[in-house]
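> So the chains spell out like this:
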Amino acid sequence: MTSDDPWQRYEVPGSTQSTVVTKTAVITALLKKAAHPLIVVAHHADIPANVTGNPVEIIIRIADAGRIPVIVTPSTAPAFRKRGFTPTATLSIMEIGARLNDPDWSIGDDHQHPDLVLFLGFPYSMGWLLQSGLKSFAPKGIRFISIDQRYQPHCTLSFPNQSRDEWITHLNTIADEVGYT
Amino acid sequence: MIDISSQTKRKILKMKARVKIDELIGDDIRAHGVELDIGRIIRTWEERPGPTRMPGIGDLREWDHKLLKKYPPHYLPFCDLCCLCTMGKCDLSRGKRGACGIDMAAQQSRIVLLSASIGTATHTGHARHLLEHLVETSGRDHHLDIGASVNLEAPNIRLVTGIKPITLGDLEDVIDYCEKEITQLLACCHTGQEGNNIDFESKVFHAGMIDHVAMEAADIAQISSLNFPKGDPEASLVDIGIGCVNPDKPSILVIGHNVAPSVEITDYMRDHGLEDAIDLAGICCTALDLTRYNNKAKIVGPLSHQIRFIRYGGADVIVIDEQCVRTDVVIEAQKVNAPVIATSCKNFQGLPDRTRDSVDSIVGDIISGKSLGAAILDPVKAGEVAVRLATAMFPKRKKFRAIPDEATIAAAAKACGGCDNCRRVCPNDLPLAEAIAAAGKGNLSLLGELYESCIGCTRCEGEGVCAKGLMPHTMILGASRIRMGKEKFRVRCGRGPIQDTEIRAVGGPIVMGEVPGVLGMVGCSNNPGSWKDVGFIAEEFLKRRYIVTTSGCAAMQIGMYTTENGQGLYEAYPGTFDAGSLVNCGSCVSNAHISGAAIKIASIFARRQLNSNYEEIADYVHNRVGAVGIAWGAMSQKASSIAAGFWRLGIPVIVGPHGAKYRRMLLGRKDHDEDWEVIDARTGERVYAAPTPEHLFAVAETREEAMVLIPKLCMRPSDTTKGRSIKLNHYIDLHRKFFGVMPDDMHLFVRTTADIPVAMKEDILKALRQTDWKEGDGRIPDPTLLPRLVRKGGRAK
Ligand code: SF4
Ligand code: SF4
Ligand code: SF4
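Respectively, the protein sequence lines represent chains A and X. Take 4 as the starting number for the first sequence in my numbering and just add one per residue. Take 28 as the starting number for the second sequence in my numbering and just add one per residue.
For reference, chain X alone in the conformation it holds in the complex (with noise of 0.2 Å):
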């Protein structure tokens, strides 16, 4: 008989279990080797459930709706047809409804739920490959283990699932159920489905949950096996940029997002003492993933360095995984000669199978030019292939490439005939004919100067694009080889999560409104201009003493970026989850480590039920957290996932220009004042909490617009009469620096003199004596937007 004690049976979680008994003797029985399979378990952990268990599409519906009634959709309808089923295509314009009686509000919620969904698909599917990965090489009972300090591990999953995973295998169940509901929401998009655009807005909320659900499985697997920093705020400092791969030596460049091969590819030069002799260096999130592995490997930069690195000849050999490749990766590798492997079922490329062949043969036929790659989905093999190419290739490469010189670019662009076509295809409007036409004089700084602008996206070289055949891209590059081969920055490898001491310590200061705020620098390279934006905006806030998190591509950007004394951010400013730090938590990801830092001030801090409890921390977190996002260089499906899952828990966005392609903001109206009542859970009293934050996803035109909405954004109903004013000196002061004046909004947010920044007061009381503003009684509220959350004593009106 197997006995579980009634403690342990408390503690259970909902599990799957196998059970080995080596030996089993009973009365009339008696075998060897017996195996049990039980498909779950359910165990039950110290809190006792809350209401929302692994909420369905249906579950936070209102919640949903309340936010949506503060932050209504705003349309900006990318097409005015839908072409999605054989009734089609229907215009939808002008207030026409589709064949199937769907309007235009509903198609474009519509497509922002497609969107989402297919961001929260990638991360949940990279989480299942990597788990899968996990446990086979790890095992399904590897005791999961994210760091010391870190008791509450998985702040999203104990939140949205109710468990609390202990090992690998608790994960799958995690992702069992992300699978399921991803599976719903797709249906949702189904021709003669939801017809009603706030019921698709509230689900395109819950795909965004489940990303954040998904994300937090696939790091802290990640973290525990791999053994990546714990948490810790000292993580290495690695190197950032094309200059830093070495050209003397032979070289590897992984693509991607998925660290299994690059795991393995270190861990065959490490147990054949290859480590110093080859260059391992990446792209995206798998690099940042890898150096959270290996310390030694390199960052090129990224997304938008993929085809410059590429053409600038550094790879020897390039490994792509999953997520975020370039779709012509294999024709680009062709044109320096370099083999790609493919490691993802998810990416061939078009290249053969060759999991089961012998790496002999695969390395013959690839070094002989009888292929240009393989895909190889099993990675120690994948790793193994790679380092034996990069060794052979490397003589016969000669880190051969694809970037012009200055004459050469000097003598073609004189066939230019300025007819402005590559800047009408070009993303950016970037004056390509203007520096073309000085080039051709040879002057060559106008094209180099693009070269912080250009996102890398080749649009302007396409078929038929130029008469003349010339290729604007590649000329910006050759402009810029001399600036490539110098580029080197540092950017500090992921910490992974933030520890429960660090929320103890700064939960009390964010929820007063003392620490002015916790920015999310995320997203992708699909910058409106320089890629140094994003750093001057991570350098001004951590000036301003702002917790500054980050993560992808953005992380690596904030390091692609120095100071005027020439140092770069992540070596001025310290890692710790404090004010005036930079805290990169690491990959993609990992971006549920900032969401779970929201979660966890809930918890911790304030103490609320975490176990099943959404409604009520979202409440906590949207009304108290002052915490924003800015995604400047958003360009994913991936990053609206990531959004949705912030906007869940009520924390604004804020995206670049090019963000306004996901088609729909979420805004707030300050002007309506019944929008931003809260209720006083104290009283039950229903109180004016002024527009706090007044938006939840906006874009902003400019880098200093965006600069000055955070930390209007940051505000919350909860700040004390210190917390505002310290937020309203930023904003007030932000807005004086950019645009001049003071913000003619401002008599909003002041409710009363306290709240006015001392060192302001005298300009700000004229300002306000300008409005009709007046002073308040001055009583906080402890807001919520939840009646039943009123205590006892109060009730709600």
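For reference, chain A alone in the conformation it holds in the complex (with noise of 0.2 Å):
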């Protein structure tokens, strides 16, 4: 179940839409060459303890082998923090939108406004539209990419549609390469 059309049918991208990427080591080798990565977090993320593979670990993972900071959403805060992880600051995922689309915004250690941002755990139709809004009103050169299991038409790049497995896999892959230097 690969596909790369929007998982909401009627929420249809506009004159362009995301990249798809299947090659997890894309994502990886430009989350290396980024300068100021940041990985936003949503609460979708946070799958009942019952399915194996958790997101939320998983980006944990990716984080700390990257030394990327981590912004998460007010609901997903707290699954983050019961695995002993504080993330780097929580924003509702408009005030995102908003810091990600000025351009004197920065976060993290260096200070800089992201070059490239990794998004995870969106209620579909938000992210689809947080992206849309960056898409057109965010500074020219950022990299918007979507590691969510549904495609999202509104970034650079997306995974496209794919079973909860195969996208699990997806993401330990990436965890893994990163944490390969």
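Treat the hints as calculated values from the structure; they're not laboratory data. Some hints here could point you the wrong way.
[Said to hold, decoys possible] Here are the simulated EDC-like cross-link-like pairs (lysine to aspartate or glutamate), alpha carbons at most 16 Å apart as the crow flies:
(1) X/K559 to X/E479
(2) A/K26 to A/D179
(3) A/K26 to A/E169
(4) X/K697 to A/D107
(5) X/K819 to X/D809
(6) X/K697 to A/D105
(7) X/K323 to X/E302
(8) X/K515 to X/E598
(9) X/K96 to A/D105
Since the model is a prediction, treat every value here as computed from it, not as a measurement.
Make the complex out of the two chains shown on their own, each in a separate frame, by following the hints.
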């Protein structure tokens, strides 16, 4: 079940749409190349405990391995703290969008505007709208990459629609690759 | 000679007048039956007019720009393209401009303006039609009476238009003004008009302000003419829920917002002794307003209950008026052999206009099956037709349903291939394939669990969605049919305005911050999850002694929620406008009483000039009245214009996740200290007042996020230390409850140690020491954004 049409069929993309990325090595290479990467996580990342492969745990591995700042939404923060990880900042989805659009805003130890942003855990339409806004209003040159389970059309790159198992495997591979220097 | 005394002259309003003289005798004239129509007489009232009487689209621009500087628009384009004129389509994404020169920001604001203008036009159109009907039935001179304890009867109208309405006829002038403004606002959306996004946004605010004027006119007209509850905190508790409609009786279902036909149905039933013989029930605001007239009537539920109740077979005849009516209502009604009567020229639904035909012929044609229904634009005739049809259709229909039983669902479900196509068109991304797979194995519980989160849109049943021809929404209903029959709750019918005495009693505690906040829980049923989330939010804040006001579909959903001990919220909490009370104002148009309450606090409690003095009153409300709107399931253009009316008053609004589709937020930046300065009106000094309130329009990702945002957005620069401490207590406590830790931004809101809630003092001080927090000097400003309000001796800096 991999495809590159929007998961919500009626949320059709506009004049341009995300390039589908199925090779995790592409994402890992961009992450390593980025001077100021950032990971943004919303609450769908926190999967119930009875399901194997929790994306929050994998994001923590990626963040630790790549020393990448992580912004989470308020409802997502407890899942990180529960695992002993303190996110760099907690902001709502729309606050994150407004800050990413501001060229003078910075985060992380280097106090620079991010040049690459990974998104994960977004309720589909909220992610779609946030990324649509960034496509038109964020400073030029930033790479936005959706690593959610469902294809998001408004980024630079996006995972395709995929099964849950495929998705978790892909996330784990990124974590492994980022950790391998 | 007609003499108007000088005292009367002072009180005269701008109005139309008709003078009838039976016999006129003069030196050179003798006449009988003389009638004079005077277009307008300009009268004034006790209070002198302020600077903005009947403001035009540019008159409050400066105020709007102040707000928009604090809360800049954040855009979420729903589409990269514009297709408004024949030079397009144009791609506006990534900094491109259209063939007319417009950019993406201005285009998004233009769409927001279109939405708000549609909403305002809809309420104004509703008000106009209702007023025409009420003038016909009660007379233009009908004296407006909305309660002995409500002397300030029309705060929005007086504030914006300078008119103090005394009769129904006075409201015609008010609506004339609204219609004029809507025309100008719509003109701004034309290609090659406004080009700046902030100026578009200012016009959005204007649409919102006009919307509240129109809503107020509609509601005080109907309260007064139809004798609805007049600010009564103990307005009747009425039945709500599908199970309240008796399947053993003929029934009439009314859907929409204009109560006139429902009133005529009630009157016909009363006149013919049929009140107990027929069940009269409604969906959406028509139902709420109907119960304000007839407390034996029942409410089926909010907007999302339309298809499910029709398919449930509960209606023997369906009467529709205007707004938020399913546009496939005739097709759905056919599935259960129920005729449809359309009563508004805004919503014919393809039915033949039978307004001039006899009742006998209309009823005969429908019963014989010759027609599916009729459009009848005379509410009295529609009332008689509806009642006679219900009686005649009841034995024929035998409550015929279009909902399958459990065995049929389980058998059909076996065909499901698990392709997820139905889920991929479901706006709530509901796990339909899993539920249907379980049903195929005989377990219908997963389907049943989706009942509360399904908004009844039927997109999953659209043409070509399921290759196997399955109907997921119908399957959800089938799995829930027993439960639907038992769905019974109670809701307090709309009380209308807030009494002046109530404002006097709580105005001080609200402005000081000692009542932690006033919530306006409004909006539709486009929830991201269960409708019970709306009641859940309300209960939490009632327990915390906020004043919870509500209206429309939100008011219904609060009623369809029970506490842990099985009590309804309207039964558990009083209906007074006071701390820890649940105040159902009524239908959509009753939202004007919520904004009206904020305006009344400025006028009655703080004695600020009201007449035509919008900017000053909005400045007062924004800086002092800790109110916040929550439209968790906002769906419509009307919801956007209602929100816009709150924005112009500086009152923040929170929406649920679907509200992001309004495509622009108004977000403050708490990390920009310079955005949060106010002028201290005592000295003219600019002082940092913290992000209070932080946002003007924000979407919350989850119910919990919304509940933490509410107390934060209730903080105001004028809070006393006691008030700020109470508000902080709720903010920090809810943050801990839902997110496990104290918020990371509380140092912004603690001005001095006196603001710190006593019970949390040590923890908070410890956390503050880890930030760059410095104790302030304890001076609480007399906050304003308007330099002209600096008092004598002070000078705006
Ligand atoms: S209104 Fe402007 S942007 Fe829209 S289609 Fe016409 S030219 Fe293009
Ligand atoms: S009817 Fe219910 S289940 Fe079907 S698409 Fe709409 S919300 Fe989803
Ligand atoms: S679209 Fe039809 S076949 Fe596919 S999952 Fe839904 S019900 Fe099953």
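> Please go over all the hints and tell whether each is borne out by the structure.
A quick look at each hint next to the structure:
1. X/K559 to X/E479: OK: X/K559 and X/E479 at ~8 Å, within 16 Å.
2. A/K26 to A/D179: 14 Å, holds
3. A/K26 to A/E169: 12 Å, holds
4. X/K697 to A/D107: 15 Å, holds
5. X/K819 to X/D809: The given pair, whose Cα atoms are some 14 Å apart, holds under the 16 Å limit.
6. X/K697 to A/D105: 14 Å, holds
7. X/K323 to X/E302: 8 Å, holds
8. X/K515 to X/E598: 14 Å, holds
9. X/K96 to A/D105: Holds: X/K96 and A/D105 sit about 15 Å apart, inside 16 Å.
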